[in-house]
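Those protein sequence lines, which keep their order, are chains A and B. Take the first sequence: its position 84, counting from 1, is numbered 84 in our numbering, and each next residue is one higher. Take the second sequence: its position 55, counting from 1, is numbered 55 in our numbering, and each next residue is one higher.
Treat the hints with care, as some may be off.
Here are a few chain A residues that sit away from chain B, every Cβ distance over 10 Å (derived from the structure) [as the list claims (entries may be wrong)]: (1) Leu27; (2) Ser39; (3) Lys44; (4) Ile55; (5) Thr59; (6) Asn75; (7) Asn79; (8) Gly84; (9) Ala92; (10) Glu102; (11) Gly108.
Cut-off 16 Å, straight-line C-alpha distance, at most; resulting in silico cross-link-like pairs (EDC-like, lysine to aspartate or glutamate) [stated by the list, open to error]: (12) A/Lys41 x B/Glu26; (13) B/Lys103 x A/Glu53; (14) A/Lys71 x A/Asp18; (15) A/Lys9 x B/Asp86; (16) B/Lys3 x B/Glu26; (17) B/Lys115 x B/Glu44; (18) B/Lys115 x B/Asp55; (19) B/Lys115 x B/Asp86; (20) B/Lys103 x A/Glu102; (21) A/Lys36 x B/Glu10; (22) A/Lys40 x B/Glu10; (23) B/Lys38 x A/Glu102; (24) B/Lys38 x B/Glu10; (25) A/Lys44 x B/Glu44; (26) A/Lys52 x A/Asp70; (27) A/Lys41 x B/Glu44; (28) B/Lys103 x A/Asp70; (29) B/Lys103 x A/Asp30.
With the C-beta cut set under 7 Å, the calculated list includes, among others, these residues of chain B facing chain A [claimed, not checked]: (30) Asp18; (31) Thr20; (32) Pro40; (33) Arg50; (34) Ser95; (35) Gly102; (36) Lys103.
Simulated from the structure, these hints should not be mistaken for lab results. Here a beta-carbon is modelled for each residue, glycine too, at the ideal position from N, C-alpha and C.
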Amino acid sequence: DTAVSQTPKYLVTQMGNDKSIKCEQNLGHDTMYWYKQDSKKFLKIMFSYNNKELIINETVPNRFSPKSPDKAHLNLHINSLELGDSAVYFCASSPGTGISYEQYFGPGTRLTVT
Amino acid sequence: AQKVTQAQTEISVVEKEDVTLDCVYETRDTTYYLFWYKQPPSGELVFLIRRNSFDEQNEISGRYSWNFQKSTSSFNFTITASQVVDSAVYFCALSRGSSNTGKLIFGQGTTLQVKP
Numbered sequence: 001d002t003a004v005s006q007t008p009k010y011l012v013t014q015m016g017n018d019k020s021i022k023c024e025q026n027l028g029h030d031t032m033y034w035y036k037q038d039s040k041k042f043l044k045i046m047f048s049y050n051n052k053e054l055i056i057n058e059t060v061p062n063r064f065s066p067k068s069p070d071k072a073h074l075n076l077h078i079n080s081l082e083l084g085d086s087a088v089y090f091c092a093s094s095p096g097t098g099i100s101y102e103q104y105f106g107p108g109t110r111l112t113v114t
Numbered sequence: 001a002q003k004v005t006q007a008q009t010e011i012s013v014v015e016k017e018d019v020t021l022d023c024v025y026e027t028r029d030t031t032y033y034l035f036w037y038k039q040p041p042s043g044e045l046v047f048l049i050r051r052n053s054f055d056e057q058n059e060i061s062g063r064y065s066w067n068f069q070k071s072t073s074s075f076n077f078t079i080t081a082s083q084v085v086d087s088a089v090y091f092c093a094l095s096r097g098s099s100n101t102g103k104l105i106f107g108q109g110t111t112l113q114v115k116p
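Excised from the complex, chain A in its bound form (with noise of 0.2 Å):
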């Protein structure tokens, strides 16, 4: 069973579209994050949700827009894509807030914008 699963795992678009990225995880945890690896590895976190509550909020432009229907789902969705939001997308999640908890992930999306 895949504890964190992202769909899809590639996503080929065009600059100006809107396109969603889905996030699931099966292991009862209350928090879930979006990251961005850059094409040098760099990741940095966009956002957290814990039970359904924005928590983080980074320096994302306001095209991302996070949605948690529920705890165990935390999709991401872009408008207007551009050039530099090609990138891979991580899906995480945790137990809790705490700073103790390890991170799962997810297999990452691959998000090609031309």
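Using the hints, position chain B against chain A.
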């Protein structure tokens, strides 16, 4: 400033060599956690270890060992007798006590290539 630095961008070794990946962190918090994650070529990140700021004991797990030294703000990772399957990108990360949001601050990653 909260920061994690992995100065080694890429390391290449031959199988069975020992290799140490360096991690230096900066934080003003007295309570924090440090983590290591592995990202194999398949892409997903795999948790390896967690260490809290009050526990400076070194840890060994099979061929892996970790050396945490608060005096030098370092949390280094050693792989003994490396194997080709160890080839991956390794990330060190910091979770701050004052934040308590679970936010991880990652280093830049070290790409380890183990040649047969």
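Report holds or violated for the interface hint on B/Arg50, using the least CB-CB distance to chain A and a cut-off of 7 Å. This hint holds: B/Arg50 lies near chain A, its Cβ roughly 6 Å from the closest one there, short of 7 Å.
Should the interface hint for B/Asp18 be scored as holding, given a Cβ-Cβ cut-off of 7 Å against chain A? Violated. Min distance 24 Å.
A/Gly108 non-interfacial with respect to chain B [C-beta, more than 10 Å]: At roughly 5 Å from the nearest Cβ of chain B, A/Gly108 sits no farther out than 10 Å, so the non-interface label is violated.
Please verify whether B/Lys115 and B/Asp86 have alpha carbons no more than 16 Å apart. 10 Å, holds
Measure nothing beyond the straight line between the CA atoms of A/Lys41 and B/Glu44; if it is 16 Å or shorter, mark the hint as holding. 12 Å, holds
Going by Cβ atoms, does A/Glu102 stay more than 10 Å from chain B at every point? 4 Å, violated
B/Lys3 paired with B/Glu26 [C-alpha distance capped at 16 Å]: 5 Å, holds
Distal placement of A/Thr59 relative to chain B, Cβ over 10 Å: 13 Å, holds
Under the criterion that the straight-line Cα-Cα distance not exceed 16 Å, is the pair A/Lys41, B/Glu26 satisfied? 21 Å, violated
Min Cβ distance, B/Pro40 to chain A: is it shorter than 7 Å? Nearest chain A Cβ about 11 Å off; hint violated.
Given hint A/Glu102 paired with B/Lys38 - CA-CA distance at most 16 Å: 13 Å, holds
Against chain B, does A/Ala92 keep a CB gap of more than 10 Å to every residue? 8 Å, violated
The structure fails hints 3, 4, 9, 10, 11, 12, 14, 15, 17, 18, 21, 28, 30, 31, 32 (numbered hints given earlier, in ascending order).
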